[in-house]
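Protein chains in written order, with our numbering: chain A, 539 to 916; chain B, 539 to 916; chain C, 539 to 916.
What the hints contain is simulated information worked out from the structure, not anything from laboratory work.
Treat the numbers as computed from the prediction; the structure is a model and nothing was measured.
Among the clues, some could well be false.
For lysine-lysine, the following DSS-like pairs were computed, each having C-alpha atoms within a straight-line distance of at most 30 Å [what the hints assert, rightly or not]:
#: 1; chain 1: A; residue 1: K542; chain 2: A; residue 2: K653
#: 2; chain 1: B; residue 1: K653; chain 2: B; residue 2: K723
#: 3; chain 1: A; residue 1: K659; chain 2: C; residue 2: K542
#: 4; chain 1: B; residue 1: K853; chain 2: C; residue 2: K542
#: 5; chain 1: A; residue 1: K853; chain 2: B; residue 2: K542
#: 6; chain 1: B; residue 1: K877; chain 2: C; residue 2: K542
#: 7; chain 1: A; residue 1: K653; chain 2: A; residue 2: K723
#: 8; chain 1: B; residue 1: K877; chain 2: B; residue 2: K853
#: 9; chain 1: C; residue 1: K542; chain 2: B; residue 2: K851
A short, non-exhaustive set of chain B residues, derived as facing chain C with CB atoms under 7 Å [to be verified]:
#: 10; residue: G640
#: 11; residue: P761
#: 12; residue: D816
By construction, the Cβ of each residue, glycine as well, lies at the ideal position given by its N, Cα and C atoms.
Here is how the chains run, residue by residue.
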Amino acid sequence: MADKERRGNFFEDFHLDQVIRHGTPRTVTEGDASMYVALTGSRAITHSSATAAQELGFTSRPIDDLLVFNIAFGKTVPDISMNAIANLGYAEARFLCPVYAGNTLHCESVVIGLKENSSGKSGVVYVRSTAYREDDHPVITWVRWVMVHKRVQGKTASTPEDTARKAASKEHRVPALSAFVPTDKLLPHARLRSSEAIQELGETTGSLDFWEDYAVGERINHPSGATVEEAEHMLATRLYQNNARPHFDALAMRDSRVGRRLVYGGHVISVCRALAYDGLENVLSILAINAGTHVAAIVAGDTLYAYSEVVDKWKLPGRTDVAALRLRLVGLKNTSPSKVERAIEETDGVPAYHPGVVLDLDYTVLMPRAQGARLRHS
Amino acid sequence: MADKERRGNFFEDFHLDQVIRHGTPRTVTEGDASMYVALTGSRAITHSSATAAQELGFTSRPIDDLLVFNIAFGKTVPDISMNAIANLGYAEARFLCPVYAGNTLHCESVVIGLKENSSGKSGVVYVRSTAYREDDHPVITWVRWVMVHKRVQGKTASTPEDTARKAASKEHRVPALSAFVPTDKLLPHARLRSSEAIQELGETTGSLDFWEDYAVGERINHPSGATVEEAEHMLATRLYQNNARPHFDALAMRDSRVGRRLVYGGHVISVCRALAYDGLENVLSILAINAGTHVAAIVAGDTLYAYSEVVDKWKLPGRTDVAALRLRLVGLKNTSPSKVERAIEETDGVPAYHPGVVLDLDYTVLMPRAQGARLRHS
Amino acid sequence: MADKERRGNFFEDFHLDQVIRHGTPRTVTEGDASMYVALTGSRAITHSSATAAQELGFTSRPIDDLLVFNIAFGKTVPDISMNAIANLGYAEARFLCPVYAGNTLHCESVVIGLKENSSGKSGVVYVRSTAYREDDHPVITWVRWVMVHKRVQGKTASTPEDTARKAASKEHRVPALSAFVPTDKLLPHARLRSSEAIQELGETTGSLDFWEDYAVGERINHPSGATVEEAEHMLATRLYQNNARPHFDALAMRDSRVGRRLVYGGHVISVCRALAYDGLENVLSILAINAGTHVAAIVAGDTLYAYSEVVDKWKLPGRTDVAALRLRLVGLKNTSPSKVERAIEETDGVPAYHPGVVLDLDYTVLMPRAQGARLRHS
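Chain A extracted, bound-state conformation (with noise of 0.2 Å):
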């Protein structure tokens, strides 16, 4: 009998270009919707409110845009990050149609570029995942880059797998990522069918704030805080069917550097998006996102904060209704935002993150034209 023991693939096992078709897939539901609200309190309208999203042009009710990122990111654990030592970062996420409850999620990745690292001990794995509905329409896709513990540590090993692994190495490649999804490449399904849906939206949000009202270069400081729970963190790193053992084996995390178990980062990224709702009400959805690092662990018992600052404005091909914010989201540990003038401070001409920062996350999202919607009355 095969060994049945799933250990996952080392960095020795991935070759460029291979294709991977990611195990299980996910019917997403209604249950899941109210899971990722009580576990993260996102408010974002066309999620939480089914008369709203209607309005907005979509069938119903999508599901929160991150929750099916973090699912779609679930299903590409076992094959690509179970020996992840870290995840490095994100790029190129587009999120290419909604999701509703009863779509079942499918999942499959390419890997793009290889590169060994100089110890001899790990790799860096590059690869676009996609994320496809059952009728195989893609639904998001993205490219992370993770370091990945070698089966044989060390050059000077012999096993035939590390044979074969040198003698392929000439295909080792870093792959050029595009620093942000451009505007042509945008995908924007929500849609204001009147001058007075602005208004009612203002009004159905509560904020009057709109493309308009925000500027390049503008912060805003978010005014919640949230201190994470054992329990939520495993909650939301099981509900997206994420089985990576550092998030739930605090007995094997004992030896790790931390010693703890440590909170998943997809969902720091999406109590961080959840806490920077409040000054950002009318954002209709998550269209790209353009980068993202998690610059440190978090684990049980640190509170998060996170501020926002707008990066870029643009408008969108043909549209007069909406337009994009490209906004960085920087997420905070045991530190308010009024007390982290920025993210990435010089100490003797080096750049650093600031001791507080968690998460630097570079995204862009649809947001209403107050002056858009009345031109297109007149």
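Position chains B and C against the provided structure of chain A, taking the given hints into account.
Leaving out everything else, chains B and C in the frame of chain A:
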């Protein structure tokens, strides 16, 4: 750009007869109902069983009354109690129609009373809040009053807001509130279809205690206790989309009087009500909350217990199948009901709550009548 | 007025052939399924994917077998095990038909055995419980036996109940129970429609291990561990509407032997079963629980691990597409499977469980046959 750091309203921001439309409507789902069961242990028959609910004349299984209340309440927090020092009380809460999975709730409040405290640092705001269905049918209405910080503390301040407030101070008033919701304002939605229904219901719940079997003055000590965890109360409070800081931010709460995150009072009500299921199994719905006081704070680690007293019994106009019980639900912490003879004790002639009491809730429920069902049949 | 302090049944309250209809039916929903995933990390293919479930002949995605079992079990607690000292064992559990979101379950038990302990303080009660759908179709049936406190302890008591009990003591008997559920009593509901289905399923789950790929005596060490939190096990147990005090009341449990809240054993089964997904990805459903023992208590902070042994392999009458595997699921606490050579060890000739073992579950699952699917096609 306008400041987008949502700080909520201070005492000076409220004026009499002010109407506040609260943001972010919320679609309530089966998922919310499941979370609520997991968070409270609710076994209320009409909310637990779709078949029982339909036999009782409901379209389907209605969402738990207190889940609806807590969600509606949560909508009011960003505008009413973001800067609250304390939730002082509830009154005149009426449950006007069942809410079903799929309904989307929005909420509005009217300021019906204002009273500045003599300290000059805070004031009491009275609001009547109403939650509506997506078709604007009201589903629940209630009065609450909260102590809210003043933006500018002290009587000598001279900011424009403060000046305006002083000018308006002649409007300040304390509203007259009913001691209880009278029977002609109760809206019972359940209906026993036949005399067999009472027999069937007794078999369904496993209890043969109906309206006739409760006596005014009777007390029921509920057998179960529930120790509250941080993750639980935060999950609950986020499910209700209630973003009041004291429930989530352990770091900020270190400097508070209690020094800890506080359990949201509405969740304490929900847990105590679920504990009170045993001995009140045939309650069909909550009709009204007559009065409610959160006597003391609850923090994680506290164990909740409850006892009920039958305050009054009322027949309902035109109904022989069901009637009303007015109950007092006393929530206790870290002491079992058998050790608390009465909730309020006199020491040297001064009445004060027993130190174990945390909740004193006066509410009215709908109970089947054994006799009525029999009479109607004959 | 009759006493309404529900204290549950004591040993004296049971008599042979007694039929107990348990209260509070429960509608099972998509929300419960989501909670269950979040609480256990379940990835079982038929429960995770509606499309996979439909391809396998189910109407839609069935509710997880063990979620159904735990909900059904929870219904029996107020009447059977409110005063239980220990859940001693399970046997003859059969899963009779799939449960879908929307089904409402009610439950009934028959007392099939009674045995007073020689201490005179307690006795063992054997019940056969059956959960039914709203149309009275049975969905699951099982036997369990629990040690229950006597109301009146000691053999010299002379209350009327005790006298009655003694009079009836000649009825006391220990039921004969099957060692395992035979194949002709297994009801497999999944169906592979074609030889391509096995290929498709392998791609869907990401595993090519089918019935033929498991050998009797084979052991699989599952790679993951799960540290349990108080909030998690209480959420789970409340989701199952199981109100047994030892799981919830930390204050009352301080005086118990363990001194802590105990994790509900059915939740331990669920978590261990979810850990056992890796290496058993193509299991389609649970057909039977042959026997089960909770060897030791679990409290919050314990880390659960699991290994599986293939006890037996059976073809099923008239079926070439699927067959049965009898498995032994051994749950461990705070020790990884690689450190436990066997669950039961002999010390000085006396067999005893390894100190790390917490669960010993003998159950039967449905597995696709690679060969059968191929044969049918040719």
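Here is what the structure says about each hint:
{"no.": "1", "hint": "K542/A to K653/A", "verdict": "holds, 29 Å"}
{"no.": "2", "hint": "K653/B to K723/B", "verdict": "holds, 28 Å"}
{"no.": "3", "hint": "K659/A to K542/C", "verdict": "violated, 67 Å"}
{"no.": "4", "hint": "K853/B to K542/C", "verdict": "holds, 22 Å"}
{"no.": "5", "hint": "K853/A to K542/B", "verdict": "holds, 22 Å"}
{"no.": "6", "hint": "K877/B to K542/C", "verdict": "holds, 17 Å"}
{"no.": "7", "hint": "K653/A to K723/A", "verdict": "holds, 28 Å"}
{"no.": "8", "hint": "K877/B to K853/B", "verdict": "violated, 33 Å"}
{"no.": "9", "hint": "K542/C to K851/B", "verdict": "holds, 17 Å"}
{"no.": "10", "hint": "G640", "verdict": "violated, 13 Å"}
{"no.": "11", "hint": "P761", "verdict": "holds, 6 Å"}
{"no.": "12", "hint": "D816", "verdict": "holds, 4 Å"}
In terms of the numbered hints stated before, the structure departs from hints 3, 8 and 10, listed from lowest to highest.
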